[in-house]
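Chemist: Mind docking chains R and X on chain U? Use the hints.
Residue numbers (the numbering used here), protein chains in the order written: chain U, 1 to 412; chain R, 1 to 367; chain X, 1 to 283.
These are calculated hints, taken from the structure and not from any lab test.
These numbers were taken from a predicted model, which means no experiment stands behind them.
Ideal placement from N, C-alpha and C gives every residue a C-beta, glycine not left out.
Don't take each hint at face value.
Simulated DEER-style distance windows between Cβ atoms [claimed, not checked]:
| id | chain 1 | residue 1 | chain 2 | residue 2 | range |
| --- | --- | --- | --- | --- | --- |
| 1 | R | Pro101 | U | Ala395 | 46 to 52 angstroms |
| 2 | R | Ala260 | U | Leu228 | 53 to 59 angstroms |
| 3 | R | Leu165 | U | Val325 | 50 to 56 angstroms |
| 4 | X | Ile10 | U | Asn331 | 22 to 28 angstroms |
| 5 | X | Glu275 | U | Val325 | 31 to 37 angstroms |
| 6 | X | Asp174 | U | Leu13 | 19 to 25 angstroms |
| 7 | U | Glu254 | R | Glu254 | 18 to 24 angstroms |
With a straight-line cut-off of 20 angstroms between C-alpha atoms, the simulated SDA-like cross-links for lysine to any residue are [as the list claims (entries may be wrong)]:
| id | chain 1 | residue 1 | chain 2 | residue 2 |
| --- | --- | --- | --- | --- |
| 8 | U | Lys133 | U | Leu88 |
| 9 | X | Lys112 | U | Ala33 |
| 10 | R | Lys177 | X | Glu243 |
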Amino acid sequence: MRTADGVPLKISLQRALVRSRIRALLLVVPLLAFIAIAFVLPIGDMLFRSVDNRIVESILPRTAVAIQDWNPNGTELPDEAVFEALTLDIKAGVKARTLGRVARRLNYEKPGMTSLFRKTGRRTKRVAGPPYKERILKIDNRWSDLNTWRLIRREAGALTSGYFLASVDLKTNDRGEVVWQSEERRIYLTLFYRTLWMSALITVLCLLLGYPVAYLLATLPLRTSNLLMILVLLPFWTSLLVRTTSWIALLQTEGVLNDVLVFTGLISDDGRLQLIHNQFGTFVAMVHILLPFMILPLYSVMKTIPPSLMRAARSLGATPFTAFVRVYMPNTVSGVGAGSIMVFILSIGYYITPALVGGRTGTFISNFIAVHVSETLNWGLAAALGSLLLALVLALYLLYDRLVGIDNMKLG
Amino acid sequence: MKSALKSVAIAAAAALFAGSAHAVDLTIVSWGGAYTASQQNAYHNPYMKANPDVKIINDDSAAEGLAKLRAQVESGKVTWDIIDMVAADAIVACDEGLLEPVDADAWLAAAPDGTPASKDFIPGTLTIGGTNCFIPQIVYSTTFGYRTDAFKGKQPSTIADVFDLKTFPGKRALEKKPIANLEWALIADGVPGKDVYKVLATPEGVKRAFAKLDTIKDHVVWWTKGAQPPQLLADGEVVIASAYNGRLFSAIVEKKQPIAMLWDWQAFDLDGWVVPKGAKKMAAIKKYLRFATDTQRLADQAKFISYGPARNSSIAKVGNHAKLGIDMKPHMPTNPKNAKTILIFDYVWWADHRAELDERFNAWLAK
Amino acid sequence: MPPPVYASPIEKGWHYSYRVICAAIFVFLIGPIFVIVPLSFNELPYFTFTPEMLSLDPAGYSTKWYHEFFTEASWQDAVQNSLVIAIFATLISTFLGTLAALGLSRSEMPFKTGLMALLISPMIVPLIISATGMYFFYARIGISSTHLGVIVAHAALGTPFVLITVTATLVGFDHSLTRAAASLGANPFQTFFKVTMPLILPGVVSGALFAFITSFDEVVVVLFVGSVEQRTIPWKMFSGIREEIRPTILAAATLLVCVSILLLTTLELLRRRSERLRGIRAN
Chain U
1 MRTADGVPLK
11 ISLQRALVRS
21 RIRALLLVVP
31 LLAFIAIAFV
41 LPIGDMLFRS
51 VDNRIVESIL
61 PRTAVAIQDW
71 NPNGTELPDE
81 AVFEALTLDI
91 KAGVKARTLG
101 RVARRLNYEK
111 PGMTSLFRKT
121 GRRTKRVAGP
131 PYKERILKID
141 NRWSDLNTWR
151 LIRREAGALT
161 SGYFLASVDL
171 KTNDRGEVVW
181 QSEERRIYLT
191 LFYRTLWMSA
201 LITVLCLLLG
211 YPVAYLLATL
221 PLRTSNLLMI
231 LVLLPFWTSL
241 LVRTTSWIAL
251 LQTEGVLNDV
261 LVFTGLISDD
271 GRLQLIHNQF
281 GTFVAMVHIL
291 LPFMILPLYS
301 VMKTIPPSLM
311 RAARSLGATP
321 FTAFVRVYMP
331 NTVSGVGAGS
341 IMVFILSIGY
351 YITPALVGGR
361 TGTFISNFIA
371 VHVSETLNWG
381 LAAALGSLLL
391 ALVLALYLLY
401 DRLVGIDNMK
411 LG
Chain R
1 MKSALKSVAI
11 AAAAALFAGS
21 AHAVDLTIVS
31 WGGAYTASQQ
41 NAYHNPYMKA
51 NPDVKIINDD
61 SAAEGLAKLR
71 AQVESGKVTW
81 DIIDMVAADA
91 IVACDEGLLE
101 PVDADAWLAA
111 APDGTPASKD
121 FIPGTLTIGG
131 TNCFIPQIVY
141 STTFGYRTDA
151 FKGKQPSTIA
161 DVFDLKTFPG
171 KRALEKKPIA
181 NLEWALIADG
191 VPGKDVYKVL
201 ATPEGVKRAF
211 AKLDTIKDHV
221 VWWTKGAQPP
231 QLLADGEVVI
241 ASAYNGRLFS
251 AIVEKKQPIA
261 MLWDWQAFDL
271 DGWVVPKGAK
281 KMAAIKKYLR
291 FATDTQRLAD
301 QAKFISYGPA
311 RNSSIAKVGN
321 HAKLGIDMKP
331 HMPTNPKNAK
341 TILIFDYVWW
351 ADHRAELDER
361 FNAWLAK
Chain X
1 MPPPVYASPI
11 EKGWHYSYRV
21 ICAAIFVFLI
31 GPIFVIVPLS
41 FNELPYFTFT
51 PEMLSLDPAG
61 YSTKWYHEFF
71 TEASWQDAVQ
81 NSLVIAIFAT
91 LISTFLGTLA
101 ALGLSRSEMP
111 FKTGLMALLI
121 SPMIVPLIIS
131 ATGMYFFYAR
141 IGISSTHLGV
151 IVAHAALGTP
161 FVLITVTATL
171 VGFDHSLTRA
181 AASLGANPFQ
191 TFFKVTMPLI
201 LPGVVSGALF
211 AFITSFDEVV
221 VVLFVGSVEQ
231 RTIPWKMFSG
241 IREEIRPTIL
251 AAATLLVCVS
261 ILLLTTLELL
271 RRRSERLRGI
281 RAN
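Just chain U, with the same shape it has in the complex (with noise of 0.2 angstroms):
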């Protein structure tokens, strides 16, 4: 068969099919194109940074290339033509004054790495030929360390696996094995299993509290249930901000629920308790924000349910309890799934509430990434904490999309 122009119609009708699928997707593109520049591409800058290590090739590229010959198992320390490497690299580095950032690199490994460079970097001036090595040996004798010298040589690469080992208390030592972080130092593996434990708490809860209230929604006349659905959506639709600062207000030491137990008598103007600055204050607060994501979706399965299907279950002999769990849950587990997974999912990345009510006890690992940037600048650890994160998010995305399929996500 042919159209009227002579063209087999199976041809055609392929290039119509390419040509209608090439139309849907220009309509993809400026958005995919925009994801891309204003939010993937960020993304993955941030990720390349915890496993760059360009600084110490780029600052000191004499000595990172020398010291490839230096056997970093003996016992001898490098010869002559390194520390003439360094020495140049060094000085080169104080007048371009980049030293520091190499300083503050290699501090992150070995702590005293800084000021050995600054007062290296101040006496190279001295140093104007050989013996290099001589003359470096007497500024510091911590470059006749040999310790010193493997963090060197394990650091010169463009890419380093520091911070990676460093997000999960692990660390090289400087024999060049992995080992754990001293006790004293360890934190980040606990601050993540907080993280998550008080996650599925807040998940659970969230399910405690938000099932009955969908069933009551899901099985109360319309007219009704619209109404009572406005008291979940208005905090659904309220400035996170917002509630964060009622919750402040309701729990603090001098707060309302503080006064209130005061004034009925329960507690003594001294006893006050303390409700808020702690993990109390996250899960009260967080439940609060978060309970709608699970009641929303719980209730738009329950609404499917048909309610025959509980009066068969009592007219076959069932009690309301038996028929409720046997007959009515089971029904409801692809909503337990949903709400669920966006609860977790939303909770383990939560910052700002956990920041403003969480106090020692009571932060999450974001609020670990957000000190890294913007107050200790150790750059490369915060992107590893949040590669970390972010491979756990994606995964539970993964596993929501399975479950629920992403294009039934439904808003409101």
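Modeler: Relative to chain U, chains R and X alone:
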């Protein structure tokens, strides 16, 4: 509704394509609040009056100053002109090549008697930590304040009292950083002030400091912003708090709160100007800095906030509070009566150990 | 809905206690939001009810925090910034999101699921990660600390909402309508504006409202990408809570609650209209 939309649209256009009639806009980054206000009154307003072609824009993001500066310099897009920084951050930034080096005598005005700037600033402050990027404005201190109505009889007067929960029960507020807290813990534990860094340099010393902090850990509220501790004291949430002396001054003298100073082992620090590397308006920046750091201007700032000027020639000119009319000299951290015992930070030591001890401190907090 | 007359006493007891539990949860959901309303009229700078307020003494109440909100330059700048940023971000996300939704809802669209997953990811990725990424990258391309930078960032965060709501409207969309229009001689633009647009409009508008509120409430990205020149209302509230807590924050919060109520009402009206238009009977 239509006119509202229209005004929004105009505002939007203005915000997006902000052009200025002024010849020079100087963006100066500082700490906001009372501190920026004191700079506005003592430096910016007189400067803009004398130079109508200059407009000074205050950016209150000094708290993230170092981080944002590094991101700006790294990307080669420097939008700031002058930044107010504490000495420790200025040392880091200078070491990393993020700042313009300062030629003190070429940039800065001499004292009225002709003493060059390099001799007039408090010795060592222009070259703090062996760097040359920092122009100090003020000496401030992190010290303690306590509620005068919290204790019957004896009032706290030493750093050891801060750690003494038996005699002085109640909550404390401390800054959420290891620096200063570790030093104070050791001094409270009996280490002589001059040996603090010697002890802290050993693993046992660090352990000892944390052990001392452990004794009050459950009674501490940790603050991160300078405005918090005076507020915590005023609200009665804590009875003793470490705080910047200027903030305490304002709570005690201006707001008349029942708070008193505890100057024992106040930790001296410096705050001053730095210029980001690659700043474009160097001529205007230098002109402003020359004006803002001269003897009179530094003395003027002390009228508005109780921080000590960093120039010797300014100290004598410190006068009365601009509004209250009281003599500011007794409230200066540098006043001999207040400065019987002072803690001077060892910046070089901290540069080596900050990352390590931050981590250890956070791990300790999280437990 | 009272329990049926034949219910046993246990069932009745359970029925009422269940209602009480649900009522308590509703109070938990909504109570905190309304607690701040009276507190924002506090005469004293505290976040709690003073004895004067409790005895309903007019002297215990004052509108001075609202006065401060409406007169202090930094709050007014924040209002202006919030509006400018949210409006422009909403325009961008609505335009790009609607276009993409039209493409993605076509049956012949290739890599549909993968694309959808990618385009929705800004909603899923923790804000702190997006914010740090943008913090570094936007500085590099020279739009950090500008309104443009924050608008672009917020537009990226808002598009998933537009995408989801418009796609949802298109689920019930009968594509033969556009073919019919085309066969009757309408060009693609006419088809879009005369046929498609009126039908998907409720979805577009509710998506736009979501995008608006996303930007309007967002604080993490503003904190990182913006500087003081881009200070928004949530930024002011965040730094206010961390630094000097004043009831002006409560006044701002109360006004934001009013904005939410307004948006929610609009959205509800739209939903009803959409259901009517698409012939879906409520329930």
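Chemist: Now tell me, hint by hint, if it's right for this structure.
Modeler: Quick rundown of the hints versus the structure:
| no. | hint | in the structure |
| --- | --- | --- |
| 1 | R:Pro101 <-> U:Ala395: 46 to 52 angstroms | holds, 49 angstroms |
| 2 | R:Ala260 <-> U:Leu228: 53 to 59 angstroms | holds, 55 angstroms |
| 3 | R:Leu165 <-> U:Val325: 50 to 56 angstroms | holds, 53 angstroms |
| 4 | X:Ile10 <-> U:Asn331: 22 to 28 angstroms | holds, 25 angstroms |
| 5 | X:Glu275 <-> U:Val325: 31 to 37 angstroms | holds, 34 angstroms |
| 6 | X:Asp174 <-> U:Leu13: 19 to 25 angstroms | holds, 22 angstroms |
| 7 | U:Glu254 <-> R:Glu254: 18 to 24 angstroms | holds, 22 angstroms |
| 8 | U:Lys133 <-> U:Leu88 | holds, 12 angstroms |
| 9 | X:Lys112 <-> U:Ala33 | holds, 16 angstroms |
| 10 | R:Lys177 <-> X:Glu243 | holds, 17 angstroms |
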